[in-house]
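J.: Turn these sequences into a full structure, and let the hints steer you where they fit.
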Amino acid sequence: MTDPLHRPAADRDTLVARARILDAVRAFFRQRGVLEVETPQLARAVAPEPHIDPLPCRDGFLLSSPEPFLKRLLAAGSGPVFQLGKVFRAGEVGRLHNPEFTLLEWYRPGWSLAALMDEVAELVQAIAPRPPAAMMTYRELFRRHAGVDPFDAPLDRLAAAAPSPPPIGLDRDGLLDWLLVERIEPALMAAGGLLFVTAYPASRAAMACIDPGPPPVAQRFELYLDGVELANGYQELTDAAEQRRRLEQANAHRRAQGLAPLPIDGFFLEALAAGLPPCAGVALGVDRLVMAALGKGRLAEVLAFPWERT
Amino acid sequence: MLTHNQLRNGTRVEIDDQPWIIVSAQFVKPGKGQAFTKIKIKHLADGRVIERTFKSSETVAKADVVDKVMQFLYSDGEFWHFMDPATYEQVALGESQVGETIDWLKEQENYDVVLWRGKAISVSPPPFVVLEITHCEPGVKGDTVSGATKPATLETGVTVKVPLFINQNERIKVDTRTGDYVERAKG
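Protein sequences, first through last, are from chains A and B.
Our numbering puts the first sequence at residues 1 to 310.
Our numbering puts the second sequence at residues 311 to 497.
Treat the hints as calculated values from the structure; they're not laboratory data.
In silico DSSO-like pairs for lysine-lysine, Cα to Cα no more than 30 Å straight-line:
1) LYS365(B) x LYS86(A)
2) LYS296(A) x LYS348(B)
3) LYS296(A) x LYS365(B)
4) LYS348(B) x LYS86(A)
5) LYS496(B) x LYS378(B)
6) LYS471(B) x LYS483(B)
T.: Put into structure tokens, the structure is as follows:
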């Protein structure tokens, strides 16, 4: 069958189902009193991350996440908010990646991470039903599926635990990423279902609070749906000085990899200093959720016009 | 140099000081973690296939590869000699580099030669060639529909299956990708 590239990749039934899912997401939050907001997708400064590139453009950046703006709203007393919109990540094209994609991000002031995980599970179960979600720490995940301890194993043992040799020059975090994609995610895909992974290494805390440990771990979770990473949540860091230190560290990491450092959003740090209420927040990949709900194998199948067709 | 997101199917790259063509590429990335691009590559001369993975910060060299249409001149038994019809420049390929293309090589005909760093490393035939049958059983008149076939030896030495009505000394068109008979050559 021919499939000319001027035609949409997603068929009409898929687009109808996708629209219904977006409606269901909005209804879910409306019923719970969470306010839908729209914040800039284009901005002059960002919250840098070591491995995520916003899209630079003439007037600034197309953002990889609305997080800094949503936190500025929370600091101003917005109460619970959600945003359902497009975000951008340079260079990410693949079976599960498109450089422009739909992200659902929401924040719950005064909530614990555990309470937020329950809400995430409810939303996902309403759209892509599965047996009740399982729960596992990052350490347990690696012990069970790769036979190594992610915190203590020497680097050569981590390297040897993968089915194929890793690229040279990976540090501990890099080797753990390698094991995750080469060994653990395939195992999770085969098992299927919903799995919350918690207690990430502190080096992977990003914007999450850290439990001192030992070992120190980030109050962060990721939700896997049929082995595909669907959502990432934090007990949000509220300490402005610590947040500044992490953003600067992200830029230092970028420089070390030969990437350009990014301008740090100073208003975001000022808002944290003015007072971000304790809160839990999460970002969820909507295209992947639609994929799972409709039993599709590639992100491109649920997008009208994926990257190859633009 | 190519960055990780320029590693696409069909791109020709130089890895371990050897020329390869990418036959599949897969982008993988844990959300907050490092991106990797896994590629399957096929060696441009010997055809072996291996897998490699690159970090997003790595670059891969583009292979210095040129495709040239060249005329097959002759074989001296050890080398097969080809000539660029525009410049008269000649190159020679060994038996392992000629590979299966040997079945379709006819003097004065044009073939696609791959040059890496200016040296010929492989040759492939056009999708269709016209060759003369040097030996086959006599033709059976009228049988054009039964689908039955018989072996026929072509002037290059290769044997293909042809319909029963085909005769010795006829010229036929053959699909070099499958080795299948297509039709009687016209004219």
